[in-house]
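S.K.: Protein chains in written order, with the numbering used here: chain A, 1 to 323; chain B, 1 to 323.
The hints are simulated quantities; they were obtained by calculation from the structure and are not laboratory data.
Nothing here was measured: the structure is a model prediction, and the numbers come from that model.
Be careful, since some hints might not be right.
The list treats identical chains as one, so a pair stands whether inside a single copy or across any two.
Straight-line distance between alpha carbons at most 30 Å, and here's what the computed BS3-like set of lysine-lysine pairs gives [as the list claims (entries may be wrong)]:
| no. | residue 1 | residue 2 |
| --- | --- | --- |
| 1 | Lys-53 | Lys-202 |
| 2 | Lys-99 | Lys-202 |
| 3 | Lys-99 | Lys-289 |
| 4 | Lys-99 | Lys-53 |
Listed below, chain by chain, are the residues.
There are 2 protein chains.
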Amino acid sequence: MESLTLDEFAIALDLGGTQLRAALVDRHGQVLNRVAVLTRATQGPDVVIQQLKDAAQAVMIGVDRDRVIGIGLSVPGPLDAAAGVSISIPTIAGFENVKLREPLQRFLDLSVWLENDGTAAALAEWRFGVGVGLQNFVYITVSTGIGGGVVADNRLLRGRLGLAGEVGHMTIIRNGDTCSCGNKGCWEAYASGTAFTRRARKRVEADGLGLLAGSVAPIDGQAVFEAAALGDPVAMELVSEEAEFLGIGIANLLHLYSPEAIVIGGGMSPNLEILRPGILSKISEAAMKGFENVPIVRSALGGNSGLIGAASLVFDAVSTKMS
Amino acid sequence: MESLTLDEFAIALDLGGTQLRAALVDRHGQVLNRVAVLTRATQGPDVVIQQLKDAAQAVMIGVDRDRVIGIGLSVPGPLDAAAGVSISIPTIAGFENVKLREPLQRFLDLSVWLENDGTAAALAEWRFGVGVGLQNFVYITVSTGIGGGVVADNRLLRGRLGLAGEVGHMTIIRNGDTCSCGNKGCWEAYASGTAFTRRARKRVEADGLGLLAGSVAPIDGQAVFEAAALGDPVAMELVSEEAEFLGIGIANLLHLYSPEAIVIGGGMSPNLEILRPGILSKISEAAMKGFENVPIVRSALGGNSGLIGAASLVFDAVSTKMS
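Produce the entire structure from the sequences given, and follow the hints as far as they go.
M.R.: Below you can see the structure in the form of structure tokens.
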């Protein structure tokens, strides 16, 4: 009676250094049975693989196993997608050359596909988000750090070890601030949410001015955006500086990938509108003829982009199981 | 009697703002009947198209027309490859939305393919140079300016309007020196041959020191490399600074495209060996795990890369005409 009962699902796993998320995702990109746990990042690969198995099993509860067509896995860092091996996850202890496909495949008797997290998120936007129908776009997540994924010439851009699109670690300021990666002057060190909050706190400490000075809790990025929206001049300056940093990096990406659109996700993306004038102004200074006038749009999928991307790997690979 | 007589040729046209080159290129990448003329860059598209026709006809002299299978055209700037239209060539007057395929096709009754010059040069290295067998590499030409082209996941990276890989115009120094493009702090403004020579002249004017001070002619880049090879400390400093600038940009490209190799062409490439230690040192500081240890190799095709790339467009498209 219900056409729903004919749906097929992918198990989506999104392995991060902090959180491990899992869900069932259907062919329409709907996320069901979502679970999230803290990654036991200090306890070694065996423990983390067990977490992945447990999470996969948890999201399958109550679902006809025949309707589950495969497992998609989004992982940070370099990988060998063909072999199903994660080469290194710096934020998880002991994660060096860890086989991920084999144990999951054996445990659930389902095929497994894996992809770099930034690339998976771009795939999600391409299949189900604001990237639908585009041949070329860059997905950027601006959050604690900055990551990315690229669709170019109607394909995912993977590169060696699936690592293409590591956009946060291009140098935009020679000998600039030290980045979490150890390099100096990375885009991430200036334009990430972390960098934005750090600048805001420093500024408030130094000047004690404006609406931000009255804050009881430690200033966070959101407070700055809210104060800027109310016209606070210090907050507006901070936002304008952030927009400039974002614009420098985005202009670089325009020249490097020549996308039709830039898609912004991550924790900062809800504030895209207040940042937009400053971003566009920087781009209009920096972009050459032929590279300007590329729309900058907000991610449609938010925190589910990793899961939906992981599931899309499965749907792209398996056209149908039930026909 | 001669197997040579069975060869097929492409007409290769390499349209630059300064020079217009043409040649016949065979399926082995051999360049024959090469001609080069100054581009009549101030005289409008009709004159330049006539130059292209004349050059194409000139290189066909003495060749059996049946053995010529098509025309490949390398052009700077944005283009519509499918329509055969050059959208803009800033260095040639009036070159806005100029049809290139149609007049050449009509004139010689041969099919025409066109590609962005950086991408065409990358294709040449991929088919006939140091990129043979690679799935992912970045070609960089360091000369008057800096250009590039990218092979990713076993395909040419084109992007919107064929413009992907415009590597020279990423900002590496916020608010840095003004670039020829009008932006500030582009890689080209620091690491191009032009920038290198400018720094050298300034340094010699200021300090009047070292072997370079004895030079009668105005200092050029080659003189600096030669003095550095002889141990001149000022020249060595200049070379080391140039290597650092090159290294910053190359490290960026490693993160953005995740290539298996970086291929350096252009006027500075003969001096790659003296630059290499400084480039590698910068990369080792800047590259994250997974992105290091990528070979940096010198272009094999030199000044013919544009022509060979243009011809490769034809060979890639036409598997054979004579079978």
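S.K.: For each hint, tell me whether it holds in the structure or not.
M.R.: Hint-by-hint comparison with the structure:
1. Lys-53 x Lys-202: Answer is neither: 43 Å inside a copy and 64 Å across each miss the 30 Å cutoff.
2. Lys-99 x Lys-202: Classified as neither; 44 Å inside a copy, 56 Å across copies.
3. Lys-99 x Lys-289: Cα proximity of Lys-99 and Lys-289: across copies only (18 Å, versus 46 Å in one copy).
4. Lys-99 x Lys-53: Within one copy, since 13 Å is at most 30 Å while 58 Å is not.
Violated hints, in rising order: 1, 2; the structure is consistent with all others.
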